[in-house]
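Participant: Listed below, chain by chain, are the residues.
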Amino acid sequence: DAKTTQPPSMDCAEGRAANLPCNHSTISGNEYVYWYRQIHSQGPQYIIHGLKNNETNEMASLIITEDRKSSTLILPHATLRDTAVYYCIVRGNQGGKLIFGQGTELSVKP
Amino acid sequence: NAGVTQTPKFQVLKTGQSMTLQCAQDMNHNSMYWYRQDPGMGLRLIYYSASEGTTDKGEVPNGYNVSRLNKREFSLRLESAAPSQTSVYFCASTGTIDGWGYTFGSGTRLTVV
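As given, the protein sequences belong to chains A and B, one line each in that order. Letter by letter, the first sequence follows residues 1 to 110 of the working numbering. Letter by letter, the second sequence follows residues 111 to 223 of the working numbering.
Among these hints, one or two may not hold up.
Listed below are the simulated DSSO-like cross-link pairs for lysine-lysine, each with C-alpha atoms no more than 27 Å apart in a straight line [to be verified]:
#1 A:LYS3 - B:LYS167
#2 A:LYS97 - B:LYS119
#3 B:LYS119 - B:LYS167
#4 B:LYS167 - A:LYS97
#5 A:LYS69 - A:LYS3
#6 B:LYS167 - B:LYS181
#7 B:LYS181 - A:LYS97
#8 B:LYS167 - B:LYS124
#9 B:LYS181 - B:LYS119
#10 A:LYS69 - A:LYS52
#11 A:LYS69 - A:LYS97
#12 A:LYS3 - A:LYS52
Some, not all, of what chain A presents toward chain B, calculated at C-beta under 7 Å [to be verified]:
#13 TYR34
#14 PRO44
#15 HIS49
#16 ARG91
#17 LYS97
#18 LEU98
#19 PHE100
#20 GLY101
#21 GLN102
Keep in mind the hints are simulated off the structure, nothing from the lab. Heads up, the beta-carbon is just placed ideally off N, CA and C, and yes, glycines get one too.
Throw the hints in and build the complete structure from the sequences for me.
Facilitator: Shown next as structure tokens:
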């Protein structure tokens, strides 16, 4: 599974969009990008995933660059409850393990 | 409510003691996982069970054993606890081969003194 690089921390003002970047320059053609988040020592929670097209659901949007070497998770209107550690994970879709990196600690401030 | 249940939620052990962390899921998921999370760190995979009757080592298996008792239950055993095993332990399960269907338990906070 390809390695990912994320900034260790970011701040965002409440009500503004939070844009969380992730680099995955060694991603291979059959590997997906998954995003999970962990709110204050709770178990991680799935957010969104994608292969090459941009994806949107009720929680967030995922923008993947054309060369697939990086992606951005967008929380369109961040709230205080979005304060969490966000994990970007790259993995093939053929089973196996979900391996977490260090993630980005997002602080949403009033 | 459907989900992953871990017991106990908190535990203090003395060095050298043994204990078993229990995990049960009621979603009919095939695969189950045990992770540990140390302060300020991401989750690290200890062991996993892709299906009933199979178990495999993850990133940090030393000092642990697991049992997939049936499809619902996956236990983690510390035979001789060490202070380095002080951590929060999370159990997870998924019913798909994709990476998006993971459901995590609320964790077991273990302190070894």
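Participant: Could you run down the list of hints and mark each one as holding or not?
Facilitator: A quick look at each hint next to the structure:
1. A:LYS3 - B:LYS167: 20 Å, holds
2. A:LYS97 - B:LYS119: 24 Å, holds
3. B:LYS119 - B:LYS167: At roughly 24 Å apart (the allowed maximum being 27 Å), LYS167 of chain B and LYS119 of chain B satisfy the hint.
4. B:LYS167 - A:LYS97: Between LYS167 of chain B and LYS97 of chain A the Cα gap is close to 10 Å, so the pair holds against 27 Å.
5. A:LYS69 - A:LYS3: Holds: LYS69 of chain A and LYS3 of chain A sit about 11 Å apart, inside 27 Å.
6. B:LYS167 - B:LYS181: 18 Å, holds
7. B:LYS181 - A:LYS97: Between LYS181 of chain B and LYS97 of chain A the Cα gap is close to 18 Å, so the pair holds against 27 Å.
8. B:LYS167 - B:LYS124: 25 Å, holds
9. B:LYS181 - B:LYS119: Given that 27 Å is the threshold and the Cα spacing comes to 22 Å, the pair holds.
10. A:LYS69 - A:LYS52: Judged against 27 Å, a Cα distance of about 10 Å means the pair holds.
11. A:LYS69 - A:LYS97: Given that 27 Å is the threshold and the Cα spacing comes to 21 Å, the pair holds.
12. A:LYS3 - A:LYS52: With a Cα-Cα distance of about 17 Å, the restraint between LYS3 of chain A and LYS52 of chain A holds, given a limit of 27 Å.
13. TYR34: 4 Å, holds
14. PRO44: With a closest approach of 5 Å, the PRO44 of chain A hint holds.
15. HIS49: The hint holds - HIS49 of chain A has a Cβ within 7 Å of chain B, the shortest such distance being about 5 Å.
16. ARG91: 5 Å, holds
17. LYS97: For LYS97 of chain A, the interface hint holds, since the closest Cβ of chain B sits about 6 Å away, which is under 7 Å.
18. LEU98: Holds, about 5 Å.
19. PHE100: Where the cut-off is 7 Å and the nearest Cβ of chain B is about 4 Å from PHE100 of chain A, the hint holds.
20. GLY101: Holds, because the Cβ-Cβ distance from GLY101 of chain A to chain B comes to roughly 5 Å (cut-off 7 Å).
21. GLN102: Interface hint status for GLN102 of chain A: holds (5 Å vs cutoff 7 Å).
Violated hints for the displayed structure: none, as all numbered hints are satisfied.
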